[in-house]
Amino acid sequence: MDQLDTKRKDKIGLKSIFMNGIIKENPVLVLLLGTCPTLAVTTSAVNGLGMGVSTMIVLIFSNVFISIFKNIIPSRVRIPAYIVIIAGFVTVVGFVVKAYAPGIDKALGIFLPLIVVNCIILGRAEMFASRMSVLESTFDGAGMGIGFTFALLLIGTTRELLGSGMIFGVAITSTLIEPMGIFLMPPGGFFVFGCMIALVNKIMKNKKITPKQEMGCAGCPSSASCNLLTDQEDLGKN
Amino acid sequence: MKEILIILMSVIIVDNFVLSKFLGICPFLGVSKKLDAAVGMSLAVTFVMIIATAVTYPIYKFLLVKYNLEYLETIVFILVIASLVQLVEIILKKYVPILQRSLGIYLPLITTNCAVLGVTLLNIKDEYTYIHSLVNSLGAGIGFLLAMVLFSGIRQRIEHNNIPLSFKGVPSILIAASIVALSFMGFGGVIEGMFV
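If you read the protein sequences in the order shown, they are chains A and B. Taking the numbering used here, the leading residue of the first sequence gets 1, the next gets one more, and so forth. Taking the numbering used here, the leading residue of the second sequence gets 239, the next gets one more, and so forth.
One chain only, chain A, in its complex shape:
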């Protein structure tokens, strides 16, 4: 296993680690992780960007620190240890946002502290940072973070344009057609997100890239028990 890991490590350069998170394994649009903040805070492009950047900062720092401490943390208590590290950085980022961008803090509400339970961060800690070197973990965190920010910005911009006819608060179509307020409300969030994933599926198919078919659970620390569940369901079917 270790040999395999080192072999693979030599093959993939830092650049591909970085790009991996942005396109091929985009955490939101391909792996379907972190769906709660994706749906909740994307009522405008600014909010999406704020959430994306906050998550990215937490992701990079937690990846770096978990990678540094990976040999000290006993594997039996690793998940609580990761959660404490992540929660620490979330608290720090929360302070910074509250101090310098109070508007975004208010718009994000409880989803700012809820970055703690974002599966992307814990998933990357478990899947990547706990095995790879500090430098690689940094690049992975940055790539995944930018991928997350990009997806949130995309959905946020779409919803803002359709829902209020503006992008970043600048009027685009609001003078031409009546904005459709429903896109700023929960149903619009589900709808736009669903269409985005379908669009990505379509593009992937045209480019002959096979996306991962499962729910992206592999990155989640609780995937073992989740898989157990689906196995049981399959058994029940037969």
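To be clear, the hints were calculated from the coordinates, so they are not data collected in a lab. Hints may be right or wrong, so weigh each one.
Calculated lysine-lysine pairs in the DSS-like style (CA-CA distance at most 27 Å, straight line) [claimed, not checked]:
1. K205/A to K363/B
2. K271/B to K98/A
3. K240/B to K304/B
4. K406/B to K207/A
5. K299/B to K98/A
6. K106/A to K299/B
7. K106/A to K406/B
8. K106/A to K304/B
9. K271/B to K205/A
10. K406/B to K24/A
11. K207/A to K15/A
12. K363/B to K304/B
13. K240/B to K98/A
14. K363/B to K202/A
We have chain A; now place chain B onto it with these hints.
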């Protein structure tokens, strides 16, 4: 009493955790395939939500506020929830093995469920009293159950339909969720009028 009913009904229907607050979307998409799994998961979530609120609320009011440590709420709450889930699992295993066998597999999934941490944080943020917080958590759990049960039915129907290939799977579920959320929006304003 009227207040309690209003809190309960509005968190179940109008401010439904899944369909209007977007909390707990991961289990909503992942475990709503089958009815019994959906019910089991929701019951486990409800159970943990109530216990988590019962424990975190006094910790916040009597420990964190007293020593001006409110900023530690995220760290403290997530640790309390993680250890509570472990504790519940151990207790169930020892004393109620039947319940453990049916709910046990869902419990590890709950630690990283944003609905549980979300409800404890919201109770503090909305400045509920202790009783109101417990009622709010119960309602959040029931609302979660409602959404999961509704969806397990919808999903079984979607699965055998002929839908465009790119919409197969999660996109179709999200579009369906959008329509259900739309119908839940119709309940807005009903609750306040119900108890006048």
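Hints, one by one, checked against the model:
no. : hint             : verdict
1   : K205/A to K363/B : 45 Å, violated
2   : K271/B to K98/A  : 40 Å, violated
3   : K240/B to K304/B : 31 Å, violated
4   : K406/B to K207/A : 18 Å, holds
5   : K299/B to K98/A  : 22 Å, holds
6   : K106/A to K299/B : 23 Å, holds
7   : K106/A to K406/B : 36 Å, violated
8   : K106/A to K304/B : 25 Å, holds
9   : K271/B to K205/A : 25 Å, holds
10  : K406/B to K24/A  : 19 Å, holds
11  : K207/A to K15/A  : 21 Å, holds
12  : K363/B to K304/B : 17 Å, holds
13  : K240/B to K98/A  : 36 Å, violated
14  : K363/B to K202/A : 42 Å, violated
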